[in-house]
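Protein chains in written order, with our numbering: chain X, 1 to 211; chain G, 1 to 355.
In short, the hints are calculated from the structure, not lab data.
Be careful, since some hints might not be right.
Using 30 Å as the maximum straight-line C-alpha spacing, the simulated DSSO-like pairs for lysine-lysine come out as follows [unchecked claim]:
#: 1; chain 1: X; residue 1: K56; chain 2: G; residue 2: K233
#: 2; chain 1: X; residue 1: K189; chain 2: G; residue 2: K79
#: 3; chain 1: G; residue 1: K311; chain 2: G; residue 2: K124
#: 4; chain 1: X; residue 1: K205; chain 2: X; residue 2: K189
#: 5; chain 1: X; residue 1: K56; chain 2: X; residue 2: K26
#: 6; chain 1: X; residue 1: K205; chain 2: G; residue 2: K174
#: 7; chain 1: G; residue 1: K79; chain 2: X; residue 2: K207
#: 8; chain 1: G; residue 1: K124; chain 2: X; residue 2: K56
#: 9; chain 1: G; residue 1: K233; chain 2: G; residue 2: K311
#: 10; chain 1: X; residue 1: K138; chain 2: X; residue 2: K16
#: 11; chain 1: G; residue 1: K79; chain 2: X; residue 2: K158
#: 12; chain 1: X; residue 1: K90; chain 2: X; residue 2: K205
#: 13; chain 1: G; residue 1: K311; chain 2: X; residue 2: K56
#: 14; chain 1: X; residue 1: K16; chain 2: X; residue 2: K172
#: 15; chain 1: X; residue 1: K90; chain 2: G; residue 2: K174
#: 16; chain 1: G; residue 1: K174; chain 2: G; residue 2: K259
#: 17; chain 1: X; residue 1: K138; chain 2: X; residue 2: K172
#: 18; chain 1: X; residue 1: K16; chain 2: G; residue 2: K311
#: 19; chain 1: X; residue 1: K56; chain 2: G; residue 2: K273
#: 20; chain 1: G; residue 1: K174; chain 2: G; residue 2: K233
#: 21; chain 1: X; residue 1: K16; chain 2: G; residue 2: K259
#: 22; chain 1: G; residue 1: K311; chain 2: X; residue 2: K71
Which stretches of chain X does chain G cover? Using the computed rule of at least three CB atoms under 8 Å from a CB of chain G, they are [stated by the list, open to error]:
#: 23; region: 14 to 28
#: 24; region: 59 to 68
#: 25; region: 92 to 100
Predicted, not measured: the structure shown is a model, and the values here were computed from it.
Note that CB positions come from ideal geometry on N, CA and C, so glycine has one too.
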Amino acid sequence: MDANEQMLYDAMISCKVPTVMDAVNKALDAGMSPVAIIDAMSAGMSQVGILFERGKLFLPHVLSAAAAMNKSMETLNPLLTKDAADDGQKIAVVMGTVEGDVHDIGKSITSTMLQCAGYEIHDLGRDVPLKNFVEECKNGCTMCGMSALMTTTMTGMKTVIDMLEAEGIRDKTTVLVGGAPVTQGYCDKIGADIYGESASETAAKVKAIAS
Amino acid sequence: MVAEYRMRMGDGTRRWMTKEQIRADVEDGVNNAVDCAEVPALTEDDICRIVDIMCEKGRTVSVEPGEEVILTQDGGELKLLNDSGSSSPVLEMSRTAAIQVHERALGMDTFEVAYFDPSTKMVKPVIGMEMAHCQNVMYNTIIPMLYMFMPNIGLYYQPTGPFGNPPDLMREFKIDEAMEAGENAMNMMRDDIVFIGERILSTGMDGLDFDTTASGGDLDFVGSLEAVEQIRKNYPDADIQMGMSAESVLGISGMCEYKGQLAAGLYPHQQVKLAEAAGVSTFGPVVNTNSSMSTAWNVARAVTMVKECSKQSTIPLQVNMGMGVGGTPMFETPPIDAITRADKCMIEIAHVDGL
């Protein structure tokens, strides 16, 4: 990481809008490309997520960092080349806690992390009827994120995958699963694509698969 | 050929590892705990002891006679009656009979009676039935009986509750609205906990058990602490246990304090100090299991955090050991080889008072 990248990374972790904006302007003055600036800020944002999960930062800090990222994009977007701007088109992700399960804090935080990472989030909330996930995927979401806290409800994830198959859109949809009782083994067993142990890990895996 | 030992991963799957690999995982788990919770590392003797326990040949391990600790069950009678997906016995018996089985057949030292849907918000409407059940249980059992319920601030947020959901509001950058909603939910949850707690204790139950405290983050934790403080005023001799939901208190508000101490970001050794201040009698620390790491790694990490909690605490510790916590695999029926090793490490190295 060079000095400018480090400055942007540190500014994001400060979670302060003016500090981030100042770092972005300095990086532009130093000749850094908008894409490289966004990459460095994204790395900082990922670290903000990890620090939140470790109790070193709190949700308002995460949101403040996200606000700083959004504000920076107002400056950076006009400077992006057409190709880069097209690459930056938002991917739509439907998120929700599956039917019968009212535990949503992990899902909400994952939605926030993904939103901060630049995804368009359709958060359906908790106790979401399974068909609603499928409807969102039919209407343009290419990622489907499902959460469950209970062994009795996590089986709904497999049902959604079967419904996506039946609708003929499984191949076009990346399925993310998470929640306390869910493991990589369960993810593999039901044929989901991404298992996240935590919100930040989920966001990192989504970014890796989407890039 | 180098000897290999049967190990579990955090999701319960089997893996064969050499003693050197187990030692490396133990050291890594300790370092991770030090890094996350900012607690002292285990000593070399502690690390060697964990490795020895992990490498014991028997399927199960045990403590020496005289070193046994208090054993309780915070899943209530539900564990015998419910269908939890794939592994529960689903026995046809009454709630009281299920409690008697725990007392007379399974050897529990204390027990936590619980409603089928034990969140505070769900218990409040059926408090009369629960009080009658508690009285009946007290007539039919001998061991100390606590009433378990979960603070669960999440149910006070929409759509199940009257207040907006702070994480959702914050995602829309409605910070002030989110803070107000969180505080209102915390106050309503606290009042409901006091309502339930005082009525249950009036039946003669020995105490209360707050299960999965702070599952909704710092507001959930502070509301629960304030409730304990209020209940304690009217029931100074009641046994009040507080079991946590995770190793660190999530900062949903980030500004919520109890007795001048910010609640967000606290780890077990810091959480217990607030619990003591509120009047909690027994504290149940939780350390989360990483399902992608080995039992050696998870147990070492959990013991490192709980050992410091034990050192800092002036009240008994009854550590949470089970599905996905305390180094135990995230598995509906935790494998007996893994859970007995985790238990033994927790007793011998972290010096807990109960499981």
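Are any of the numbered hints broken by this structure? If so, which, sorted upward? Hints 1, 3, 7, 8, 10, 14, 18, 20, 22, 23 and 25 contradicted; others consistent.
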